[in-house]
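Asker: Hey, can you work out the whole structure from these sequences and the hints?
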Amino acid sequence: MAADGVKPDAAACTVLVGVYACRLQQFDSAYGVVHWMGANGVAPDVVTYSTLISGLCSAGQVAEALGVLDLMLEEGYQPNAHTYTPIMHAYCASGRMHEAKRLLNTMITSGCVPSTATYNVLVEALCKVRAFKEVDALLEESSAKGWAPDAITYSSYMDGLCKAGRIDKSFALVEKMLSNGLQPNEVTLNILLDGVCRSSTAWSAKHLLECSTELGWNVNVVNYNTVMRRLCDERRWLSVVKLFTDMTKKGIAQNSWTFNIVIHSLCKLGRLHKAFCLLESKEFVATVITYNTLIRHRSVTGKANEVFLLLHKMIGEGIAPNDITYSLVIDCLCREKKFLVALCCIYQSLEVDFFQSAFLSIVRGLIVGGMLGELHTLIGCVLGQGFIIEVYIYQELIKVFCKNGYCQSIEMYKVCYILERLLRLR
17 MAADGVKPDA AACTVLVGVY ACRLQQFDSA YGVVHWMGAN GVAPDVVTYS TLISGLCSAG
77 QVAEALGVLD LMLEEGYQPN AHTYTPIMHA YCASGRMHEA KRLLNTMITS GCVPSTATYN
137 VLVEALCKVR AFKEVDALLE ESSAKGWAPD AITYSSYMDG LCKAGRIDKS FALVEKMLSN
197 GLQPNEVTLN ILLDGVCRSS TAWSAKHLLE CSTELGWNVN VVNYNTVMRR LCDERRWLSV
257 VKLFTDMTKK GIAQNSWTFN IVIHSLCKLG RLHKAFCLLE SKEFVATVIT YNTLIRHRSV
317 TGKANEVFLL LHKMIGEGIA PNDITYSLVI DCLCREKKFL VALCCIYQSL EVDFFQSAFL
377 SIVRGLIVGG MLGELHTLIG CVLGQGFIIE VYIYQELIKV FCKNGYCQSI EMYKVCYILE
437 RLLRLR
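In terms of our numbering, the sequence shown opens at residue 17 and continues consecutively.
In case anyone wonders, no lab produced these hints; they're calculated from the structure. Keep in mind that a hint or two might mislead.
Ranges between beta-carbon positions, derived for each pair [to be verified]:
id, residue 1, residue 2, range
1, K258, A164, 21 to 29 Å
2, H51, K266, 53 to 61 Å
3, R287, Y410, 41 to 49 Å
4, K144, L194, 24 to 32 Å
Here a beta-carbon is modelled for each residue, glycine too, at the ideal position from N, C-alpha and C.
Answerer: Next up, the structure:
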């Protein structure tokens with residue numbers, strides 16, 4: 017702009033300060049812009065300095081930020097809440113609560129009214145150290161101090177109370193929110209539901225969700241997922257399925273996390289047919305976790321062919337199998353002595369990457385199946401592609417050889433030959 021004869025104003029320069037200080041954390045360049053402003057008759061304003069302070073605090077350079085604050089005061093600028101709040105956040109984040117409280121008093125005595133955002137930073141920090149009496153005092157004085165707690169204030173307070181096991185007081189805050197004209201949002205509700213799950217049982221949280229309409233709560237998929245996950249922790253698989261039905265009735269859109277939780281629960285209930293029906297539904301978006309769950313439970317029933325088909329189905333849908341997937345499939349195939357099919361799987365996986373757990377699974381299977389020639393060839397392929405075999409696989413391989421009697425038989429030479437191949441001595 018300056019090269020074209022257009023003189024940047026304070027707003028344009030402040031944007032540049034923000035880029036250097038807040039995004040790139042190139043503070044020498046940010047200071048360079050401020051110095052250029054002073055040298056070219058473009059006076060930095062409160063926003064300019066506040067932006068620089070925010071960037072410095074984000075980088076943990078609180079002392080430097082305080083130096084900029086002193087410079088502002090020397091030049092006659094009056095800092096505002098936007099100036100002080102980043103410093104407050106930096107103090108609280110580093111556990112310097114005494115300095116944070118002193119800064120709040122400095123703001124008030126200097127005539128700068130702290131914003132709700134400023135108080136929210138302090139409330140969250142006080143809750144982390146369980147200084148709930150101080151939080152209560154801040155809320156009680158809010159009207160007199162000229163600020164109004166918002167949903168974030170109450171959510172932070174509830175979160176602290178729930179983590180301290182004080183669920184009753186958390187619910188009392190909901191009533192206080194409503195009386196102040198504030199509606200609990202999804203974050204607030206999730207904090208309460210998670211707190212109920214932690215303090216008592218997920219069953220209580222399930223009941224709250226089912227009564228959400230009567231309570232006037234606008235619950236969403238995140239709230240349901242939280243409770244369903246807790247129900248899984250308590251092994252209440254049927255309750256998970258019932259909540260899923262409740263979601264559907266209320267028209268709440270499910271996401272992949274929801275479906276994965278339900279798939280897991282149906283499998284635990286032995287209702288694999290319903291799990292597969294859910295997989296085929298149009299609304300369902302499967303992930304690698306979905307298929308790993310189905311493969312794990314299908315492999316328990318010993319149906320290797322179906323497990324192998326599931327592997328190809330997920331690949332056909334563009335879902336990349338991971339180490340867990342291949343390990344589950346190979347273990348299942350080897351248990352049913354389908355070693356050649358298992359070998360096809362491991363060679364297929366090598367086209368993508370070298371999966372250590374899957375390789376260990378095929379190694380175990382081939383040793384148990386007495387297919388040492390195929391194992392030797394596989395090791396040559398792995399090493400030939402430049403993959404590194406971890407030490408624990410060598411150790412496990414020796415254990416499996418010994419467990420299956422190779423180390424005390426006439427085939428000991430085969431074991432030595434394979435170990436030498438692994439160590440690249442041959």
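Asker: Could you run down the list of hints and mark each one as holding or not?
Answerer: Hints and how they fare:
Taking 21 to 29 Å as the suggested C-beta distance range, the pair K258 and A164 does not conform, at roughly 40 Å. A C-beta distance of roughly 59 Å is found between H51 and K266, which places it inside the suggested range of 53 to 61 Å. Checking the proposed 41 to 49 Å range against R287 and Y410 shows it holds: the Cβ atoms sit about 42 Å from each other. The beta-carbon spacing between K144 and L194, approximately 26 Å, falls within the hinted interval of 24 to 32 Å.
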